[in-house]
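Student: The listed protein sequences correspond, in order, to chains R and D.
Using UniProt numbering, you'd call the opening residue of the first sequence number 1 and step up by one each time.
Using UniProt numbering, you'd call the opening residue of the second sequence number 1 and step up by one each time.
Simulated from the structure, these hints should not be mistaken for laboratory data.
Just so you know, not all the hints are guaranteed correct.
Below, a list of computed lysine-lysine pairs in the DSBU-like style, where the Cα atoms sit at most 30 angstroms apart [stated by the list, open to error]:
1. D:K62 with D:K118
2. D:K105 with R:K155
3. D:K41 with R:K155
4. R:K170 with D:K41
5. R:K155 with D:K104
6. R:K35 with R:K83
7. R:K32 with R:K117
8. D:K62 with D:K105
9. D:K101 with D:K118
10. D:K187 with R:K155
11. R:K35 with R:K92
12. D:K152 with D:K178
13. D:K152 with D:K187
14. R:K155 with R:K170
15. R:K136 with D:K41
16. D:K178 with D:K118
17. R:K117 with R:K92
18. D:K187 with R:K136
19. D:K105 with D:K181
20. D:K181 with D:K152
21. D:K181 with R:K136
22. R:K117 with D:K105
23. R:K155 with D:K62
24. D:K118 with D:K152
25. D:K118 with D:K105
26. R:K155 with D:K101
27. R:K68 with R:K32
28. R:K38 with R:K56
Beta-carbon label-pair distances, calculated as ranges [what the hints assert, rightly or not]:
29. D:S109 with R:A168: 43 to 51 angstroms
30. D:S109 with R:I19: 46 to 54 angstroms
31. R:L150 with D:M136: 52 to 60 angstroms
32. R:Q39 with D:G113: 24 to 32 angstroms
For the chain D half of the interface with chain R, some residues (derived, Cβ under 7 angstroms), not all of them [as the list claims (entries may be wrong)]:
33. L8
34. A122
35. V147
36. P149
From the three backbone atoms N, C-alpha and C, an ideal C-beta is built for every residue, glycine too.
This is what each chain is made of:
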Amino acid sequence: MTNRGIPSAFLRTTLHNGIGRYVCQLQRLTIKFCKEQKQSRGVRDFIENGLVDFAKNNPSVAVYAQVKRHRSPALVAEYLNGKTHIIPVAEKEAAELLEWLDFLRTRSGEDLIRMRKSQHTFSPSIQGAWTPVTNKQVFPPDFTFPNNELFQAHKFTESATDILQRLARKSTSKTD
Amino acid sequence: MHDRRRVLQWATFARSWWIFDANHQCPFQSANRLCLFLEGKHKPIYHPLSDCGDHVIVINTKHIAMPDRFWRAWRHFHHTQYAGGFQVQRAWQVHREDPTKILKKQIYSTLTGNLLRKGLMARLHLFPEEDVPEGMLRNVSNQIRQVMPVPKTLEDYPIEERESFPRVFEWPEEYVVKDGKEFERQKEYLDEDLSLSKLQ
């Protein structure tokens, strides 16, 4: 697929979330696991040891644990904007699960797609758009171009003639 | 797009016209400066893929000043793609044929070699003297600063300034100063000699 065909978006936040107050966008978390199979062992460990702490620390998130017999385990996160994010966690350790949960908890729920730019603004300029006459000297209509008096090159150093004249002026002023 | 936004877009990308006086200017330094304006690099909206350059009028291209011994040493190459079609011309020969060509070729080679270059060159208007068409001159809204100061000849200084110029010593009254026309006098003398020899 071409790069242009891949869905892309600009960086954005949900309803200025975090300016003033922060609302956790994760609303519901369902942990699906099997009681018997080996690939759910890490999830079972986590449910025994860490799940209650996680639920206590995040009272705004509804946490469910669902037993799915002989199915591979998954974390299903549902967000305030109606989007669902599923992470398969087969053969994952409990410590790694905690990191995935942290990722899901801090997300906005927007689709994870290619960012066109690493920065974006919805108000590009407060001063107004730039034009060729912005901060430029505008000449009156009767001004005639070219004007070589005004646009001659800057003279940064003294020429030999200038130095001679300066020295001569100095010597004459001394004698006077 | 909203009407107001659309007009703002026009204003931002409007092309302005600049004028540059090439009198006693180095064509290499001038090309570097003029390319900034042709490519639009003097604008904050510049992007290499957007065609946001300005028009540039260059006058007095006949009176450019080549540095060092470049009038003799700087070479322009051309090949007609036929066997034996290779040509080399010195800068003074090129300048004699077309007084705008040296600056034009220098700007062409200074511009980035991409698909925009042809369009950018079309926005460059070169004139050997100061006679710019009236309609073109009316578009000009600003001038590009010269790259080097124009040297003043003795005639450019007023007589008072010439008289008051500091001197280490004064020539004696009876001393005969050469008026700098020695070469012309010699030439006249030679011409007379030649004409005499022809008669004989």
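Student: Take the hints in turn and mark each one as holding or not.
Tutor: Hints versus structure:
no., hint, in the structure
1, D:K62 with D:K118, "holds (23 angstroms)"
2, D:K105 with R:K155, "holds (28 angstroms)"
3, D:K41 with R:K155, "holds (24 angstroms)"
4, R:K170 with D:K41, "violated (45 angstroms)"
5, R:K155 with D:K104, "holds (27 angstroms)"
6, R:K35 with R:K83, "holds (28 angstroms)"
7, R:K32 with R:K117, "violated (36 angstroms)"
8, D:K62 with D:K105, "holds (14 angstroms)"
9, D:K101 with D:K118, "holds (16 angstroms)"
10, D:K187 with R:K155, "violated (40 angstroms)"
11, R:K35 with R:K92, "holds (15 angstroms)"
12, D:K152 with D:K178, "holds (22 angstroms)"
13, D:K152 with D:K187, "holds (28 angstroms)"
14, R:K155 with R:K170, "holds (22 angstroms)"
15, R:K136 with D:K41, "holds (16 angstroms)"
16, D:K178 with D:K118, "violated (54 angstroms)"
17, R:K117 with R:K92, "violated (33 angstroms)"
18, D:K187 with R:K136, "violated (56 angstroms)"
19, D:K105 with D:K181, "violated (38 angstroms)"
20, D:K181 with D:K152, "holds (21 angstroms)"
21, D:K181 with R:K136, "violated (50 angstroms)"
22, R:K117 with D:K105, "violated (39 angstroms)"
23, R:K155 with D:K62, "holds (24 angstroms)"
24, D:K118 with D:K152, "violated (37 angstroms)"
25, D:K118 with D:K105, "holds (12 angstroms)"
26, R:K155 with D:K101, "holds (28 angstroms)"
27, R:K68 with R:K32, "holds (6 angstroms)"
28, R:K38 with R:K56, "holds (28 angstroms)"
29, D:S109 with R:A168: 43 to 51 angstroms, "holds (45 angstroms)"
30, D:S109 with R:I19: 46 to 54 angstroms, "holds (53 angstroms)"
31, R:L150 with D:M136: 52 to 60 angstroms, "violated (20 angstroms)"
32, R:Q39 with D:G113: 24 to 32 angstroms, "violated (59 angstroms)"
33, L8, "holds (5 angstroms)"
34, A122, "violated (19 angstroms)"
35, V147, "holds (6 angstroms)"
36, P149, "holds (5 angstroms)"
Comparing the model with each earlier hint shows violations of hints 4, 7, 10, 16, 17, 18, 19, 21, 22, 24, 31, 32, 34; every other hint is respected.
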